[in-house]
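Two chains, each in its own frame: build the complex with the hints.
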Amino acid sequence: GNSVTQMEGPVTLSEEAFLTINCTYTATGYPSLFWYVQYPGEGLQLLLKATKADDKGSNKGFEATYRKETTSFHLEKGSVQVSDSAVYFCALVTGGGNKLTFGTGTQLKVEL
Amino acid sequence: NAGVTQTPKFRILKIGQSMTLQCAQDMNHNYMYWYRQDPGMGLKLIYYSVGAGITDKGEVPNGYNVSRSTTEDFPLRLELAAPSQTSVYFCASSQTGEGAAFFGQGTRLTVV
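First to last, the protein sequences are chains A and B.
Per the working numbering, numbering of the first sequence is gapless, rising by one per residue and ending at 267.
Per the working numbering, numbering of the second sequence is gapless, rising by one per residue and ending at 604.
In case anyone wonders, no lab produced these hints; they're calculated from the structure.
Hints should not be assumed to be uniformly reliable.
In silico contact screen, one side only, chain B against chain A (beta carbon under 7 Å); selected entries [unchecked claim]:
hint, residue
1, F502
2, Y523
3, M533
4, G534
5, L537
6, A593
7, F595
8, G596
9, Q597
10, G598
11, L601
Residues from chain A shown here face chain B by an in silico Cβ test under 10 Å; the list is partial [stated by the list, open to error]:
hint, residue
12, Q161
13, M162
14, F173
15, Q200
16, A246
17, N253
18, K254
By construction, the Cβ of each residue, glycine as well, lies at the ideal position given by its N, Cα and C atoms.
Okay, chain B solo, but in the shape it has when bound (with noise of 0.2 Å):
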């Protein structure tokens, strides 16, 4: 059962590059969340979708794009990527659209 798989699991950027954080789940999950871990820090929410073709922001949207053109995959860009941005991101997805329920291994992102 592969669940939720994101790509890469780490991966260092330059400021000013771009990078798109791959996420896919095979599960028939309608929602799909990105999430940031900081240290110390709870998860917070950067963008979620419902289902394709639908996606909305969530808490700290700032610097990111999503799209959803399948049920299966949902990809987060950063776009002129900043320090700020130095986190874990973590992709998840949910049959129901209460919490989520199914998260990936996360993707280590350090900017430089």
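In isolation and in its complexed conformation, chain A is listed as follows (with noise of 0.2 Å):
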């Protein structure tokens, strides 16, 4: 079956610091990838996708490279503000289906 792992948080980092949440999938056939960002009190929102090998999503600042090789799929900033603190979940969905499996998210600091 499929499954996502992520590293496990809090991850706490200082405004202006690099970014890396590690995201490793297993999945039957080619998945397509996602990361979702959940603030505080709020439902998920989409942040970025990739749909095949060697994709790189990128959306406000944050990027995530599709790594068909390793599985994987971290998401990156360079440069990570306060407003940024939420939680980050890695998914993914197969087939073309309607599915999305998730991981367990990683809660992000980021202090002044």
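Right, here's the structure in full:
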């Protein structure tokens, strides 16, 4: 079956630090990969996605590259802000289907 | 822009009671989903719908029922509430079948 493994949090960084949140996956077939962000008290928002190997998804300064050889989709940002504090979820879907498999989420705290 | 609207935001139920969680979207999306989010866990798919009149089970459907009489609405019914159903429930919708792009703000349900 499908599964997603994320690094455990919380991750605490100073403002302007570099961010990496690791995500690896196991999937049957060729998955599409997603990062979602959940701000406090809100629902999830799609942050970025990639649908095939070597694709790079990007949005709001965040990037993630679909690495088939390492089955990874790590989230990166060059300079984080306090407003980036949230929980980040890695997810996948296979076969053009509609059932997302989520990781457990990684909480990011950015301090001044 | 309303997006995906869930009601209520909070609810406490006694064991054995029933209730309906409401979800409405105004984006004319065909695909709608119900997820639950337990502490320290990723989201689990309860039920989904690919269009009015069509619903199907997700990963954790037991104890729940859904209906989809219109494109806009996708209510989730809990019959005979149990403590194991204490969770945060998210409704989501998407235009395409690949994943879910828009989430509601969630309903925090406690069963005592």
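Agreement of hint K254 of chain A with chain B interface, Cβ distance less than 10 Å: Status holds, d = 6 Å.
Interface hint for M533 of chain B, Cβ within 7 Å of any Cβ on chain A: Result: holds, 6 Å to nearest chain A Cβ.
Hinted contact Q161 of chain A with chain B - closest CB pair below 10 Å: holds (8 Å)
Interface hint compliance - M162 of chain A to chain B, C-beta minimum distance less than 10 Å: violated (13 Å)
Per-residue hint verdict: N253 of chain A, partner chain B, C-beta under 10 Å: It holds, given that the least Cβ distance between N253 of chain A and chain B is near 4 Å, below 10 Å.
Satisfaction of the Y523 of chain B interface hint, Cβ to chain A closer than 7 Å: holds (6 Å)
Hinted contact G596 of chain B with chain A - closest CB pair below 7 Å: This interface hint holds because 5 Å falls under the 7 Å limit.
Restraint outcome when L537 of chain B is required to lie within 7 Å of chain A by C-beta distance: holds (6 Å)
Chain A contact restraint on L601 of chain B - CB to CB distance below 7 Å: violated (15 Å)
Restraint check, 10 Å cut-off on beta carbons, for F173 of chain A near chain B: violated (25 Å)
F502 of chain B as chain A interface residue, shortest Cβ-Cβ below 7 Å: violated (11 Å)
When the least beta-carbon distance from Q200 of chain A to chain B is tested against 10 Å, hint result: For Q200 of chain A, the interface hint holds, since the closest Cβ of chain B sits about 7 Å away, which is under 10 Å.
When each numbered hint is compared with the structure, violations occur for hints 1, 11, 13 and 14.
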